[in-house]
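Trainee: Read off the chains here:
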Amino acid sequence: MTLDRTRTEDADEPGGAGLNTEHDRGSKILSALASSERPSPPGPLSTSLTFGWRALLKIKHVPEQLFDVTVFPVMFTLLFTFLFGGALAGSTVDYIQFLLPGIMVQGVIMITMYTGTTLRTDLEKGVFDRFRSLPIWRPSALVGMLLGDAVRFTISLTVTALLGLLLGWRPGGGFGGFVIGAILILLFSFSLGWIWTFLSLVLRTSGSVMGVSMLVITPLTFGSNIFVDPSTMPGWLQAFVEVNPVSHLVTSVRAVMGGTDPGASLPLTIVWSAVLIAVFGTLTMWRYRDAR
Amino acid sequence: MTEPAMTDLAIETHGLVKVFGDNRAVDGVDLAIRRGGVHGFLGPNGAGKTTTIRMLATLARPDGGTATVLGRDVVTEADEVRRRVSLTGQFASVDEDLTGRENLRLIGRLFGYTGASAKRRADDLLDAFALSDAADRQVKKYSGGMRRRIDIAASIVVTPELLFLDEPTTGLDPRSRNEVWDIVRAMVSSGTTVLLTTQYLDEADQLADRISVIDRGKVIAEGTSSELKASVGSGSLFVRVMDRDDRDAARAVLERELGVEVRDEADPNALTATIDEQGRVTRALSALDEARIPLAQFSLGQPTLDEVFLSLTGHHAEEKTDTEEAAA
Ligand SMILES: Nc1ncnc2c1ncn2[C@@H]1O[C@H](COP(=O)(O)OP(=O)(O)O)[C@@H](O)[C@H]1O
Ligand SMILES: [Mg+2]
Chain A
9 MTLDRTRTED ADEPGGAGLN TEHDRGSKIL SALASSERPS PPGPLSTSLT FGWRALLKIK
69 HVPEQLFDVT VFPVMFTLLF TFLFGGALAG STVDYIQFLL PGIMVQGVIM ITMYTGTTLR
129 TDLEKGVFDR FRSLPIWRPS ALVGMLLGDA VRFTISLTVT ALLGLLLGWR PGGGFGGFVI
189 GAILILLFSF SLGWIWTFLS LVLRTSGSVM GVSMLVITPL TFGSNIFVDP STMPGWLQAF
249 VEVNPVSHLV TSVRAVMGGT DPGASLPLTI VWSAVLIAVF GTLTMWRYRD AR
Chain Y
599 MTEPAMTDLA IETHGLVKVF GDNRAVDGVD LAIRRGGVHG FLGPNGAGKT TTIRMLATLA
659 RPDGGTATVL GRDVVTEADE VRRRVSLTGQ FASVDEDLTG RENLRLIGRL FGYTGASAKR
719 RADDLLDAFA LSDAADRQVK KYSGGMRRRI DIAASIVVTP ELLFLDEPTT GLDPRSRNEV
779 WDIVRAMVSS GTTVLLTTQY LDEADQLADR ISVIDRGKVI AEGTSSELKA SVGSGSLFVR
839 VMDRDDRDAA RAVLERELGV EVRDEADPNA LTATIDEQGR VTRALSALDE ARIPLAQFSL
899 GQPTLDEVFL SLTGHHAEEK TDTEEAAA
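Line by line, the protein sequences are chains A and Y.
Residues in the first sequence are numbered from 9 upward in steps of one, following this note's numbering.
Residues in the second sequence are numbered from 599 upward in steps of one, following this note's numbering.
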């Protein structure tokens, strides 16, 4: 704590004498300005992690942010297990073996949408003006934000897995399989995040970011193999499902969590992630130059 | 490109332009601002002050013209510019969800301070800006004056060579306003160049060494406060007669000698006139003496910056301030 006795804040003492004397204040600011050294500039990883730290601090101060990552997965798991379980697989316990990895993907992808609306709000407030005026690796504020989101996604994955275990999910890949699957989901959602950062730099309101995100997410998740085996679908839909990157992700997550061979789906998932980062990361950084 | 270290100009622009749709927000701005001291951008809301500053601070890309800041081009050498300047935006430029201390630690770490030294730097600044007691409170719970102080503190975590302050006192009560003024003066005395925008005439008058008057995206006048005032006319003469019955006679004498209209004040003994030639004032005062009209008081006032603005633009400087939110 400070030893300065003369000072009170204006909030506590409206209209009071408030600050230290003008001279005192001026000289303290002068010495703060004079004592400033220039530390050597930090690298991209360090600044990105610092922004990740900012995201964690925000979770600490605004814990409501954890509402969606816990409620969404619980809702989806219960809803789809009991809605489709009987009809599609005869029993919910059979269906959940198939469904749960897909539900993890679905839950996280739904939540990635908030990345865009959060960024839009931040941009409007002006705090990103400060970040953009700093001499740091340009993408670090966005990378850090996505890293912070990865923490929220991990919570979502954990909640879904625990609830699944309660409902009778018994993954053949064990804990190790779950961890690898979770890493794949986190990688893919980090990559997908760049679509939302780009949208929030193009669209002017968080409402429109949300709307367009829904338009992208709905076909990506429902037009995939999350809920049912595509062999029952009409040809045109099968064709879409087969090129949908979410299907590759779900197939590979299902395999590694189930303890079977993911085959081509695993490299395909990684390639898709790289492509998303390359394309939308570049577009995002191009818009970020003039962000408003 | 010339060697950057050679220039003694903090800011130099030629024909700077920024267009939003069909709105030419900045419409050909030429500036040559020397290092040291405070340079003021004075103009009504929507004049293009913020947009100009954002281009200079590398936050927006010019649509036309060139700008160098401390000898570096804002487009091709943006990183070099960012290393040397700092911006306190018109609206909150810290994270309102975080506490004051967390915000300063965040900026400190981004500049390369390690954990412990970032914390020490944050605490020093909180102390200097009289925010120690509010250090662990979220910024969104700060009062307007405290918020402005944390904004400015965040701008000097590493001392910039040039600081942009965008309307630092808009919306502040007079006491907080004075505090911000003291901070600006302290920074200038430590050698930082400050570019400040304001809609307040008295603020530019108080703080700025030189002023650029901006209106509708253009610089319409530039100079020291006194130069601007002088370019408009010499100011106004105020006369108070001893005996109110003399006022009509005094008005007649003054109108004859000054050659301008002389107005009655609310005070039944007082008269004022806007004059354009100081030399005539002495003659007018002797003429009153010769006419045996005793004066209780007289003074020669400089014109206010509002009068300057009116004569430069044909409209008052502050007429648009109530539409403030429109210019975000
Ligand atoms: N991001 C933006 N998009 C569209 N118009 C803008 C934007 N920023 C500013 N403007 C417009 O540009 C003009 C200048 O605004 P601004 O630079 O904020 O003025 P000032 O800071 O002097 O009040 C205004 O007409 C404003 O509406
Ligand atoms: Mg402005």
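Quick caveat, the hints were computed from the structure, so don't treat them as lab data.
All values derive from a computational prediction rather than experimental measurement.
The beta-carbon is built from N, C-alpha and C at its ideal position, and this holds for glycine as well.
Careful: at least some of the hints might be erroneous.
What the hints assert, rightly or not - Footprint (simulated), chain A over chain Y, 3 or more residues, beta carbon under 8 Å:
| no. | segment |
| --- | --- |
| 1 | 751 to 761 |
| 2 | 776 to 783 |
| 3 | 805 to 816 |
| 4 | 824 to 830 |
| 5 | 854 to 861 |
What the hints assert, rightly or not - Straight-line C-alpha distance at most 30 Å; calculated DSS-like pairs for lysine-lysine:
| no. | chain 1 | residue 1 | chain 2 | residue 2 |
| --- | --- | --- | --- | --- |
| 6 | A | Lys66 | Y | Lys717 |
| 7 | A | Lys66 | Y | Lys816 |
| 8 | Y | Lys717 | A | Lys36 |
| 9 | A | Lys68 | Y | Lys827 |
| 10 | A | Lys133 | Y | Lys717 |
| 11 | A | Lys133 | A | Lys68 |
| 12 | Y | Lys738 | A | Lys66 |
| 13 | A | Lys36 | Y | Lys816 |
| 14 | A | Lys68 | Y | Lys717 |
| 15 | Y | Lys827 | A | Lys66 |
| 16 | A | Lys66 | A | Lys133 |
| 17 | Y | Lys717 | Y | Lys739 |
| 18 | Y | Lys816 | A | Lys68 |
| 19 | Y | Lys739 | A | Lys36 |
| 20 | A | Lys36 | Y | Lys827 |
| 21 | Y | Lys827 | A | Lys133 |
| 22 | Y | Lys827 | Y | Lys816 |
| 23 | Y | Lys738 | Y | Lys717 |
To be verified - Covered stretches of chain Y (in silico footprint by chain A; criterion: 3 or more residues with CB under 8 Å from a CB of chain A, positions within the stretch not fixed):
| no. | segment |
| --- | --- |
| 24 | 725 to 731 |
| 25 | 868 to 879 |
| 26 | 883 to 893 |
Trainee: Each hint needs a verdict: does it hold in this structure or not?
Mentor: Each hint, compared with the structure:
1. 751 to 761: Result for this restraint: holds, n = 5.
2. 776 to 783: Held - the segment 776 to 783 of chain Y has 4 residues with a Cβ nearer than 8 Å to chain A, which meets the minimum of three.
3. 805 to 816: n = 0 at 8 Å, threshold three: violated.
4. 824 to 830: violated (count 0)
5. 854 to 861: violated (count 0)
6. Lys66/A x Lys717/Y: Status holds; Cα separation ~18 Å.
7. Lys66/A x Lys816/Y: violated, 41 Å
8. Lys717/Y x Lys36/A: holds, 17 Å
9. Lys68/A x Lys827/Y: violated, 54 Å
10. Lys133/A x Lys717/Y: holds, 25 Å
11. Lys133/A x Lys68/A: The given pair, whose Cα atoms are some 20 Å apart, holds under the 30 Å limit.
12. Lys738/Y x Lys66/A: Holds - the C-alpha atoms of Lys66/A and Lys738/Y are around 13 Å apart, at most 30 Å.
13. Lys36/A x Lys816/Y: violated, 38 Å
14. Lys68/A x Lys717/Y: Cα-Cα ~19 Å, so holds.
15. Lys827/Y x Lys66/A: Measuring from Cα to Cα gives roughly 50 Å; hence the hint is violated.
16. Lys66/A x Lys133/A: holds, 15 Å
17. Lys717/Y x Lys739/Y: Distance of about 21 Å is within 30 Å: holds.
18. Lys816/Y x Lys68/A: Violated: Lys816/Y and Lys68/A sit about 46 Å apart, past 30 Å.
19. Lys739/Y x Lys36/A: Distance ~25 Å between Lys739/Y and Lys36/A Cα, so the pair holds.
20. Lys36/A x Lys827/Y: Distance of about 35 Å is beyond 30 Å: violated.
21. Lys827/Y x Lys133/A: Distance ~37 Å between Lys827/Y and Lys133/A Cα, so the pair is violated.
22. Lys827/Y x Lys816/Y: Holds. Lys827/Y to Lys816/Y sits at ~19 Å (cutoff 30 Å).
23. Lys738/Y x Lys717/Y: holds, 21 Å
24. 725 to 731: Coverage by chain A holds here, the residue count being 7 at a Cβ distance below 8 Å.
25. 868 to 879: violated (count 0)
26. 883 to 893: violated (count 0)
The structure is inconsistent with the numbered hints 3, 4, 5, 7, 9, 13, 15, 18, 20, 21, 25, 26, although it conforms to all the rest.
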